[in-house]
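Let chain F serve as the given structure and place chains Z and R on it in line with the hints.
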Amino acid sequence: MLFTDFGLDGPYTGQMKAVLHQMAPGIPIIDLFADAPAGNPKPSAYLLAAYAVWFTSGTVFLCVVDPGVGGARPAIILEADGRWYVGPGNGLFELVQRRAGNPRSWDIDWKPERLSVSFHGRDLFAPVRAMLDRQLARLATTPLSARQSGQTTSAIYIDHFGNAMTGLRVAQLPRAARLIVAGRVLEPARTFSDLRPGTAFWYENSNGLAEIAVNQGRADRELGLSIGVPVEIVP
Amino acid sequence: MLFTDFGLDGPYTGQMKAVLHQMAPGIPIIDLFADAPAGNPKPSAYLLAAYAVWFTSGTVFLCVVDPGVGGARPAIILEADGRWYVGPGNGLFELVQRRAGNPRSWDIDWKPERLSVSFHGRDLFAPVRAMLDRQLARLATTPLSARQSGQTTSAIYIDHFGNAMTGLRVAQLPRAARLIVAGRVLEPARTFSDLRPGTAFWYENSNGLAEIAVNQGRADRELGLSIGVPVEIVP
Amino acid sequence: MLFTDFGLDGPYTGQMKAVLHQMAPGIPIIDLFADAPAGNPKPSAYLLAAYAVWFTSGTVFLCVVDPGVGGARPAIILEADGRWYVGPGNGLFELVQRRAGNPRSWDIDWKPERLSVSFHGRDLFAPVRAMLDRQLARLATTPLSARQSGQTTSAIYIDHFGNAMTGLRVAQLPRAARLIVAGRVLEPARTFSDLRPGTAFWYENSNGLAEIAVNQGRADRELGLSIGVPVEIVP
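Protein chains in written order, with numbering that gives the first Met the number 0: chain F, 0 to 234; chain Z, 0 to 234; chain R, 0 to 234.
Just so you know, the hints here were simulated from the structure itself, not pulled from any lab data. You may find that some hints are simply not true.
Repeated chains share a single entry, so a pair holds when one copy, or any two copies, can fit it.
Unchecked claim - With a Cα cut of at most 20 Å, we get these calculated SDA-like pairs of lysine to any residue: (1) K41 - N214; (2) K41 - P173; (3) K110 - A23; (4) K110 - E221; (5) K41 - S153; (6) K110 - M130; (7) K41 - R72; (8) K110 - R195; (9) K41 - G216; (10) K110 - A176; (11) K110 - R72; (12) K110 - R189; (13) K41 - R113; (14) K41 - I75; (15) K110 - R217; (16) K41 - F160; (17) K41 - P196; (18) K41 - I29; (19) K110 - E231; (20) K41 - M22; (21) K110 - L222.
The structure displayed is predicted, hence computed values, not measured ones.
Just chain F, with the same shape it has in the complex (with noise of 0.2 Å):
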């Protein structure tokens, strides 16, 4: 599973591919997100964290989001709930991290023979997770953890329909409950075709967690949403 900032387009992500592809043949490459917050590691946990628990244990994360690339901050892999996680030590895996049952983290002390400055997706987080398969292979994996922790309250990620996508995990908010966003009071809707063109709302989606949109039009657009916008619980 990739999840980065880096856009389908251009060939960061085809480099990446390439490494991967090259030292371990076969491997099964999947997209998940290449439009996550860009250079933006704390909206970006969020997302993983909320898309990463609905892959089977044993998955493997391969996630760039880099602002600090060439800087000081550490390489890690991380071992959370029986899924694994490869990328920049700088908050991405926070998230992820606070919520597992009982993760184990390791600083990446290997270096590849030339390591850009400015690309260490391709030089030295690709490589890691390819090498990464053949030790997995004797992993016992650990069962999921029910323990949850960690709300924010805001949107963080506009999807391709122009819905807005919150932080908030729906089972943890009271019955009913409505948002505030954008001076607006949302009430909560079970689905899109419940309701009337035009009529804003929020809903719990397909990993559970509230977003706000708009029947047949775009939330972003209509309430004025983008990444970062507060919202508000009124129970």
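Same frame as chain F, but now just chains Z and R:
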């Protein structure tokens, strides 16, 4: 083959691919369209029918343009001219079915353990498509039908270069027909390199549809075209 | 490796991949660039040459930036420094060829049964690339050449982050050279994290090219840069 309106950004396509990979490792997964007309099964149906004929018998299309997800529309499997389709029964397969020799379709009764209300692509259609392959090994494919029907006289897709694809199949147009779009009369041309830069024209695209273009320019901007714009035929 | 100007949206890349998969099942297919300068083989040639050197000997590049498709330009196969290239003979491979030790090229005589006038990527180049692998098994690769030539002094690509990549290879620039672009003199910097936010500078990117950036900003917007903008060197 994936045919969706998800866009390539965001996690939707990646999560579907993860399900396919997990349930049917080694399955080839190719994005055909990730930008089918969003939430709009009708032009999507013309687009799908125009492209599907190009693929060999036995190809499976996983199709999700599903504005009524979570509502009452059925989930279906369709076999048409030896190709297979999995997706919502909301008109998306209407043209494929209408043009096929002897199409067969089934309602999907199977339900996953966990079915979100907003993402049947991941929770329902992808698992069904993954399970389908084991059935297809026993498949006796049907011969290609020559019978074709159904024309739509409007733009159904704007591509990366700004060309506007219409639903008109050139084989069914009068020879040397001109098209009227946005108040302009367009002559046919064999290909771009025949014309002076800036000339607007139409040509038979690589899938047999009439496509409107401007040599070395963007037809969408220069002629003011968008999906749904009407196109008239002048024989 | 795919190198095209198709964009990732739309069906073009997907149809090429379908051909590759059908004719050579299991072939690894990785998108390097889908957004090479559209319809513009000259800057694309610099981009391809800069990125190709990074790949191991034996890599095959299927390249389609082909504004003259359907016209008189030849279709070619090129072997240069052990890497292979399939695509149009319109200047796209000029830099790769000029910088190679002992390049060899062939005109493609083979014609598919069905050749559209507008999509040789799918109908001609993809089949040739699929058939090439069987030949390459017998290939004795040639050693990498150190000889390099050809500089272009303009921007050749704008990436997802708004950075402007130039065709200048840093190894051939005077040490600590400054660049003039859009009326601004830019100092070199080792990497982003060395600088205050908002500072414009240039640096050696991960492929050895001079790249113009603004720390925590978009150089394209803030300096008014686009593909083709001239860049001057101040030694």
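Next item on the list: Hint by hint, work out which the structure violates, then give me just those numbers in ascending order.
Entry: Hints 2, 4, 8, 10, 13, 15, 18, 19, 20 and 21 contradicted; others consistent.
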